[in-house]
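Letter by letter, the chains look like this.
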Amino acid sequence: MAAKPLTEAASEALLASKEELARSITTELYQEMPELLEKYGERGRVRCHEDMLYNLEHLAPAVALDEPVLFARYVEWLRDMLAARGIPAGEVRRSLEITRDRVRTRFPADQAKLIAAVLEAGLNALGPAN
Amino acid sequence: MTADEALDSYLAAVLAGSRRDAMSVIDRARAAGLDLRTLYLEVFQPALREIGQLWQENRVTVADEHLATAITQSAMLRLYGSLELPGAVGRTLIAACVETERHEIGLRMLCDILELEGWNTLFLGATVPTESLARMVAERKPAAVALSVSLPPHLPRARTMIQAIREATPENPPVILLGGRPFLEQPELAYALGADLTARDAAEGAALLRKRLS
Numbered sequence: 001m002a003a004k005p006l007t008e009a010a011s012e013a014l015l016a017s018k019e020e021l022a023r024s025i026t027t028e029l030y031q032e033m034p035e036l037l038e039k040y041g042e043r044g045r046v047r048c049h050e051d052m053l054y055n056l057e058h059l060a061p062a063v064a065l066d067e068p069v070l071f072a073r074y075v076e077w078l079r080d081m082l083a084a085r086g087i088p089a090g091e092v093r094r095s096l097e098i099t100r101d102r103v104r105t106r107f108p109a110d111q112a113k114l115i116a117a118v119l120e121a122g123l124n125a126l127g128p129a130n
Numbered sequence: 001m002t003a004d005e006a007l008d009s010y011l012a013a014v015l016a017g018s019r020r021d022a023m024s025v026i027d028r029a030r031a032a033g034l035d036l037r038t039l040y041l042e043v044f045q046p047a048l049r050e051i052g053q054l055w056q057e058n059r060v061t062v063a064d065e066h067l068a069t070a071i072t073q074s075a076m077l078r079l080y081g082s083l084e085l086p087g088a089v090g091r092t093l094i095a096a097c098v099e100t101e102r103h104e105i106g107l108r109m110l111c112d113i114l115e116l117e118g119w120n121t122l123f124l125g126a127t128v129p130t131e132s133l134a135r136m137v138a139e140r141k142p143a144a145v146a147l148s149v150s151l152p153p154h155l156p157r158a159r160t161m162i163q164a165i166r167e168a169t170p171e172n173p174p175v176i177l178l179g180g181r182p183f184l185e186q187p188e189l190a191y192a193l194g195a196d197l198t199a200r201d202a203a204e205g206a207a208l209l210r211k212r213l214s
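One line per chain: the protein sequences are A and B, in this order.
FYI, in this note's numbering the residues of the first sequence are 1 to 130.
FYI, in this note's numbering the residues of the second sequence are 1 to 214.
The reader is advised that the hints may include incorrect statements.
To be verified - Capping the alpha-carbon separation at 25 Å, the derived lysine to any residue pairs in SDA-like fashion look like this:
no., chain 1, residue 1, chain 2, residue 2
1, A, K113, B, M1
2, A, K4, B, R159
3, A, K18, B, S150
4, A, K18, B, E99
5, A, K18, B, H154
6, A, K4, B, N58
7, A, K18, B, P153
8, A, K39, B, T61
9, A, K4, B, R59
10, A, K39, B, R59
11, A, K39, B, E57
12, A, K4, A, R102
13, A, K18, A, E50
14, A, K18, B, T160
15, A, K113, B, P153
16, A, K4, B, T61
17, A, K4, B, L124
18, A, K4, B, P129
19, A, K4, B, A192
20, A, K113, B, A192
21, A, K4, B, V60
22, A, K39, B, T160
23, A, K39, B, V62
24, A, K18, B, R159
25, A, K4, B, V62
26, A, K18, B, L151
27, A, K4, B, E131
Think of the hints as simulated: they come from the structure by calculation, not from any bench.
If we strip away everything but chain B, and leave its shape as in the complex, we get (with noise of 0.2 Å):
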C-alpha cells in the first residue's frame, strides 16, 4: 500500500463516516510499512485539508467535518500508543492552540514528531490562559513553544500570548514557533505577531526548531 492508496482509502473511509474502516486502513498502512511520520503528513493532513476543501464548495456539510476530525483524532491517538520512543535528549516543547479544540491536529503532529526525535513536549491544548501559560514557560524553561491559531479572530490573542511569553522570560527566552492557516499565504504575519519562526505544517516545524537549536 503506497501512502496514496492509503490517503485515498482513508478518505473514503472517512467520508461514508467509518471510523472502523479507518482504522483498519490504519492498521494495513502500518503493516505495509509506512511509519508515523508518513501517515500524519500524507495521510491525516491531506485527508483533512481535502474535507475541508469540499466543505468550501458545499460538498459535505460541517457534521462530516466535525466527524473528520474526531476520526482522526482517534487514529493518531492510537497510533502514539503503539510508538516506541526513543531516548530522550533533554528539549522540552511546550504547545499551545490558541482557540478551540478542533483545530489542535496540526500542533498535536508536531508533538508526536518531535517525540519521535527525543524531545519531551507538554501538550496544553486550547483555550489557555495566557499568564498560566507564560508562568508555566517562566518555571519549565522549554527550549521552544509553538502556538497555533486556525482563524484569523483569534490573532491578537496569539500577539498576547507571545508578548506574554517574552516578558516572562527575560532571560534564556524560548524559541517561539507560530503556525496555523492564516500563515500559510501570508508567513510575514506571523512576525508581525512576535514570533521566531513560522511552518506550514508540522514536518516543516520540527525541521526549523532542529536546525535552530542545533
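Same shape as in the complex, but just chain A (with noise of 0.2 Å):
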C-alpha cells in the first residue's frame, strides 16, 4: 500500500486539530495584545477564533496541494477585507507568525516544515512589517 504523500498528511493533521490550534493561537494573540479585548470585545474575541479557524481551512489545501500561491492570495484578500472593517494588517502578521510557532511545536518535523513554508508564502503576500 503506497504512503499518503507528505503533502495530504500534514494538512490532514492540520484540519484535524484546528479548533485546538485556533484556540491556542487566539489565547497567545489575546495575550501578547491585551488592548485587543478592549478594541473589540468580548465578541471580538469569539470572532478572532472564527477568523483562525478560517485562517487554517485555508492552509490546508495549499498545503495538500502544494501550492503556496494559493494561501499568499487569500492573505492578500484577507488583509484587504479586514482593512475595509478597521482591522491593522499588523494584527494578521501576528496571527500568522503565532500559527507558524505553534505549528513547529506542535507536528512533526517534516510536516511542520511543509506548513511553516506556506506560512511565510503568507506572510510575504502582507508586505514588510511596519
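Make the complex out of the two chains shown on their own, each in a separate frame, by following the hints.
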C-alpha cells in the first residue's frame, strides 16, 4: 500500500486539530496584545477564533496541493477585507506568526516544515512589517 | 435599454433589496431585445461580482449579498421558464457544484447557455457524494462534466471527484471542465487538479466545450 504523500498527511493533521490550534493561537494573540479585548470586546475574541479557523481551512488546501500561492492570495484578500473593517495588517501578521510557531512545536518536523513554508508565503504577501 | 443600463438598474434594485423592481428591470430588458446570454453575462454576472466586491470593501453586508444571490437565482429561473429551446443535438452535460448552493450560479448559467444550443444538461447542484456522481457519469456517459469550486478549502474535493470520474470511465471518458474563482488567477491549478479545461465564465466554458467536441 502506497504511503500517503506528506502534503496530504500534513494537511489532514492541520484540519484534524484546527479547533485546538485556533483556540491556542487566539489565546496567545490576546495575551500578547491585551488591548484587543478593549478594542473588539468579548465578541471580538469569538470572531478571532472563527477567523483563525478560517485561516487554517485555507492553509490546509494550499499545503495539500503544494500551492503556496493559493494561501498568499488568500492572505492578500484577508488583509484588504479586514482593512476595510478597521483591522490593521499588523494583527494579521502576528496571528500568522503565532500560527507558524504553534505549528513548529505541535507537528512532526517534516510536516511542520511544509506548513511553515506555506505560512511564510502568506507572511510575504502581507508586505513589509511596519 | 442597453446592457449597461440594465446592469445599473438591476444592481440598484438588488441593493435596495427589491425583488419586484429587479424582475421589472429584467422584463424591460427582455422587451428591449436583450437575450438570455446577454442578461446572464452582462447583467447578472457583473452585478454579482460587483456585490462581492462591495462586501469585500465593507460597503454591503453578508445578508445583502445573500439576498442579491437569491434574487438573481429567481430571475434566472423565471427567464429559463420563458425560453424556447432548440432541437436536441444529442449531447449531455452533467454539472455538479463541489460546495454550497450559493456558489452554483455560474454552473447554472453554463447549463442554460448549453441548453440554448441544444444540449441536455443534468444539473446536480451542490454536495453530491463523489461515488454517486462517478456512478451517474459511468451510467449516462455524458460528453462532458462540469464542476465548480468557489473557495480553496474545497479544492482537494474537486481533485478527488475528478479522479473518481476518471476511474469510473476508462472508455469514452467525458471532457472535464473545472471552473470557479480560484482558477481565475491560477488557471493552471485546474489542470493540476486533473481537469481537461477551465474557463472564466459560462460563455467561455460553453465555447471551449463546443470547440473541444466538434
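**Message:** Checking each numbered hint in turn, tell me which of them this model violates, lowest number first.
**Reply:** 1, 6, 9, 16, 17, 21, 22 and 25
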